[in-house]
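**Q** The residues making up each chain are set out below.
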Amino acid sequence: MSNLSKSKYRGFEADRSKYPVEEEGKPVIDLESHKFTKIWQGPQHPGVTGNMAVELIINGDEIVDAKAHMGYLHRSFEKLMERRRYIQCFPIVCRICVPEPDTNEYCVSAAMEDLAGITVPEKAMWLRTLNLEMSRVGSFLMWIGGQAGSLGMGAISQWTVGMRDYWLDLFEEMTGGRVYHMYMIPGGVRKNLPDGFKDRARRLIVKTRRLMQDIDNTFLSNAIIKSRLQGLGVISPEMVDEYGIVGPNARASGREYDIRMNNPYVCYDNLDIKMITATEGDAYARAQVRYRELNQSLDLVAQILDRIPEEGAIQAEMPNLLHWKIPQGQTYVKAESTRGEHGFYMVSDGSEKPRRVFARGASYTHAISVLEKLAVNVSVSDLAGLMVSLHTCPPEIER
Amino acid sequence: MKLKDVLSPLRVWERAAKKPMTIKDPINDRPGATNYRGFHKNDFSKCIGCGTCEEICQNAAIDLVPVEGQETVEGDSGLRPMIDYGRCCWCALCVDVCPTGALTMSNDYTWIADNPEDYRFVPGADKTKWQESEKGYTRSPDIQIIDYDRVDMQELEPEERDKSFIEIVKGYNKEQAIKEAERCLECGLCIATCPAHMDIPGYIAAIRDDDIDNALRILYETNPMPEICGRICTHKCETACALHNNGDPLAIRWLKRYIVDQVPADKYSEILGTDHLEDEVLNRKVAIIGAGPAGLSAAYYLAIMGYKTKVYEALPGPGGMARYGIPEYRLPYDQIDKDINYIRSLGVEIQFNTRVGTDITLEELHSSYDAVFAGTGLHLGRSTRVPGADNKRVYFATDLLREVTLGNEIDVAKNIVVIGGGNVAMDITRTLARLQNQKYGKVQILTTCLETEDIMPADVEEIVEAREEKAVIDPGWGPKEIEIRDGKVYGLHVVKCLSVFDENGRFSPKFDEDQKKFFKADMVVESIGQGMDLSYLSEGIKSDLKFSPRGRIEVDDSFQSSLQWLFVGGDIIQGPDVIHGIANGYIAAKGIDTYLNAE
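So the protein lines, in turn, are chains L and G. The first sequence begins at 4 in this note's numbering and counts up by one. The second sequence begins at 304 in this note's numbering and counts up by one.
Derived from the structure by calculation, the hints contain no laboratory data. A couple of the hints might just be wrong.
[Said to hold, decoys possible] Listed next, the in silico DSSO-like pairs over lysine-lysine satisfying Cα-Cα at most 27 Å (straight line):
(1) K773(G) to K845(G)
(2) K194(L) to K349(G)
(3) K482(G) to K356(L)
(4) K641(G) to K328(L)
(5) K38(L) to K376(L)
(6) K229(L) to K438(G)
(7) K791(G) to K823(G)
(8) K210(L) to K695(G)
(9) K742(G) to K773(G)
(10) K327(G) to K466(G)
(11) K539(G) to K482(G)
(12) K356(L) to K466(G)
(13) K376(L) to K356(L)
(14) K210(L) to K322(G)
(15) K229(L) to K305(G)
(16) K845(G) to K201(L)
(17) K307(G) to K210(L)
(18) K482(G) to K570(G)
(19) K29(L) to K82(L)
(20) K201(L) to K322(G)
(21) K845(G) to K893(G)
(22) K229(L) to K277(L)
(23) K82(L) to K356(L)
(24) K613(G) to K695(G)
(25) K327(G) to K307(G)
(26) K201(L) to K773(G)
(27) K845(G) to K813(G)
(28) K473(G) to K641(G)
(29) K823(G) to K717(G)
(30) K473(G) to K349(G)
(31) K194(L) to K438(G)
(32) K210(L) to K823(G)
(33) K328(L) to K482(G)
(34) K823(G) to K813(G)
(35) K466(G) to K570(G)
(36) K349(G) to K327(G)
Sequences and hints are given; from them, build the entire structure.
**A** What follows is the structure in structure tokens.
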């Protein structure tokens, strides 16, 4: 419990040896002893944690053991794709993450392109970069709302979800859909930008920056928020590797790992982008990292808008996608979602349908093993805040 | 704890003075984006009911259903998509894939209905408030879900071909054929349009799977002359092809040719399972008049069913018009022989140089055989009957083409005019151009017809290629007189043709006599249609047969004439083209089988 012993988190004794007794590394919970109570949090979700349940053993207000339960959202995305042609997959995968569907769309198309040896035209690449970065803005805005809401600051949720809707307006113009954009198809993207889009996007960036200032004033510079988040759910640098933690959760613990910079895809290597990290590793540091990354994403959107070529194809030359066969092979394609590394493993057997698609979201570890570990010794009232600070997304687990 | 962190959050109240983000009437104050994927619309004037939307829908939300007022016609199934909003995910792939651009979406956000059944609707047929809406999601011209561009066919360059009769079209190789086959939408509009109702998507799928044996089996289910059809079919299937609405139709004819070109003749019987056919021969005999596509098609299917068949042919070689009407550069004789030799290998006997009516009478055939099929074709030329048309240097195209095939020398003039705008006119133009080139080293041939170029019946590629071979095509003129000087043809006088058909679509050309032209020539060829030679019907038989007002023998659906033992098909009944003949022969064979089993 090295991280906990250094914790600034107040309220409970950091020394966990008192209760419950551990045998072979597992706590012995005797419910008959009346020292412990078992309660369930979820599967309804407080904040934006998605439908999952956490089975809690508490002693008073303190969580002494936690077990994450999945299975409330299972829609069998991966299996559905095995029964569909390649072109029919992109409307399915966006559903793996509601607030940030585009990373899935990108990965599934990029995996097919990699296997089929297709080069996406430059303009389509820029449009994909724009789409992905706008998607990060939308997802981070929703996350801030969730983090604030889970700590009782409902007003900020109203602001950010309202602002997110303006971003969804942009998505609607660009892609034809607000939530599920279904914009990236194998070979490129489906539509060119509509007239006047860039100006409207630039105006929205200014508007969002003003909101970000308000959020800094009221949320990050807030004594109550700090007292609740600082020291909560500390991820030590050692844990990052041990648990496979990625994304802002890892960067808040000092790990410099961001796929956009470590393995640049689409047009990220042409953008001015810097790694954002923190060292504390607690929920507050994660909030700061995300806040700064959101600001950076606004910067990136502005950069991208300036650099999208006016002319050029938006789709590579493709065969009839109704009979598109991809040569035998396997590939793993990854992208940086707001939750961290998001990857798709795809196997083709040379037929018209994928043999196997495997979606690997960051929440697979964050929402199960990491949450189960960090929840221990936390007040039951802070669990929702902790879950949101890990940016859990159960659909990523139940593909 | 810093004092700033205590005071700063109080700035939350600043927002109370700001304008709220929400709007009072979001649906009306802020309509959907121009590009929004709202609710489906279907423009029935464009929709062809091809069902590609149904095929691509990954939710199985679309069913093609019959709709009142929509008829099945060539190139339109008459069915229309019904969309189930209980299943739809609004991905708009159906819109992107629609080859006609008929299916689009409005930019409406909401639709409220009391009855859940309403949400399963036929856009365009069921009244919706958004059907006329102009905004919404449409297919982007910048992307392709399906491939509208045909794989180019390699052909001989004009200078390589203008002196010889070597086949012009080189055919697809495997890679090209598979790439072209991948373009197929499998809608099946071609099956309905093809007179023989060939399973076109079936054999094209077999090409995609590189299963040529299976492709050949599918071809022979309905067409025993695929080498011939693969080269010179009128390919009505391609006119009906759904891809034709936004690009090049699938090269169905060339793909058919690709299949048969891959299979050596000696493999046919093994692949088609006819190597033990002789075990099942019936004791019934059928005589066939004419070894053209119709007669041989009937003979093939009768032979497959076990009948003994004998074909009587007036000319010295088999193939009918396919051999004696179509030039070798379009259809080489060895390819005709490949198809026909296989049919003969099944026990079909052909007796050449035997004209029914002269060498053997129809009555004799009737008494020696259980049934007779006549597919005698259109071998007689038709004359313009203008003054001078009776000169000996005025020919019919069919006669000249036949002479070329027979290997007889033609007295080709230096300066020739051809009258006619169909494919036969192009055939004779290009044949004579080659002969002129061989004899004089230059081409001086002009082809004129009543129709203007946009409505000329000849295939566009025929006109283009004829011009490449230095023939002059000058359409839109009506022949007035062939001027004869000293008993020799001097040239053709024409007047401007203003229209060919009247308002009812009947042939009734109108001329402007003031606009005149003269085409100098010392030989004129008429190619304005062909007639049938029914002289083999004796008076007795003629009086028992029923004829249509236009002189055609009347037949029922199985091509049985009013004389039960006599079946008639091919160009003298339908067409004229090869595929109708093949289709007629196929149906007549079944009809003969039914007739003989009923006896």
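**Q** All hints are to be evaluated individually against the structure, with a verdict given for each.
**A** To see whether the hints hold, each was checked on the structure:
no. : hint               : result
1   : K773(G) to K845(G) : violated, 47 Å
2   : K194(L) to K349(G) : holds, 23 Å
3   : K482(G) to K356(L) : holds, 18 Å
4   : K641(G) to K328(L) : violated, 34 Å
5   : K38(L) to K376(L)  : holds, 21 Å
6   : K229(L) to K438(G) : violated, 49 Å
7   : K791(G) to K823(G) : holds, 12 Å
8   : K210(L) to K695(G) : violated, 91 Å
9   : K742(G) to K773(G) : holds, 15 Å
10  : K327(G) to K466(G) : violated, 80 Å
11  : K539(G) to K482(G) : holds, 22 Å
12  : K356(L) to K466(G) : violated, 51 Å
13  : K376(L) to K356(L) : violated, 40 Å
14  : K210(L) to K322(G) : holds, 13 Å
15  : K229(L) to K305(G) : holds, 11 Å
16  : K845(G) to K201(L) : violated, 82 Å
17  : K307(G) to K210(L) : holds, 25 Å
18  : K482(G) to K570(G) : holds, 25 Å
19  : K29(L) to K82(L)   : violated, 35 Å
20  : K201(L) to K322(G) : holds, 24 Å
21  : K845(G) to K893(G) : holds, 25 Å
22  : K229(L) to K277(L) : holds, 26 Å
23  : K82(L) to K356(L)  : holds, 11 Å
24  : K613(G) to K695(G) : violated, 38 Å
25  : K327(G) to K307(G) : violated, 37 Å
26  : K201(L) to K773(G) : violated, 56 Å
27  : K845(G) to K813(G) : violated, 37 Å
28  : K473(G) to K641(G) : holds, 17 Å
29  : K823(G) to K717(G) : holds, 11 Å
30  : K473(G) to K349(G) : violated, 36 Å
31  : K194(L) to K438(G) : holds, 15 Å
32  : K210(L) to K823(G) : violated, 81 Å
33  : K328(L) to K482(G) : holds, 11 Å
34  : K823(G) to K813(G) : holds, 24 Å
35  : K466(G) to K570(G) : violated, 35 Å
36  : K349(G) to K327(G) : violated, 39 Å
Checked against the numbered hints given earlier, the structure breaks hints 1, 4, 6, 8, 10, 12, 13, 16, 19, 24, 25, 26, 27, 30, 32, 35 and 36 and satisfies all the rest.
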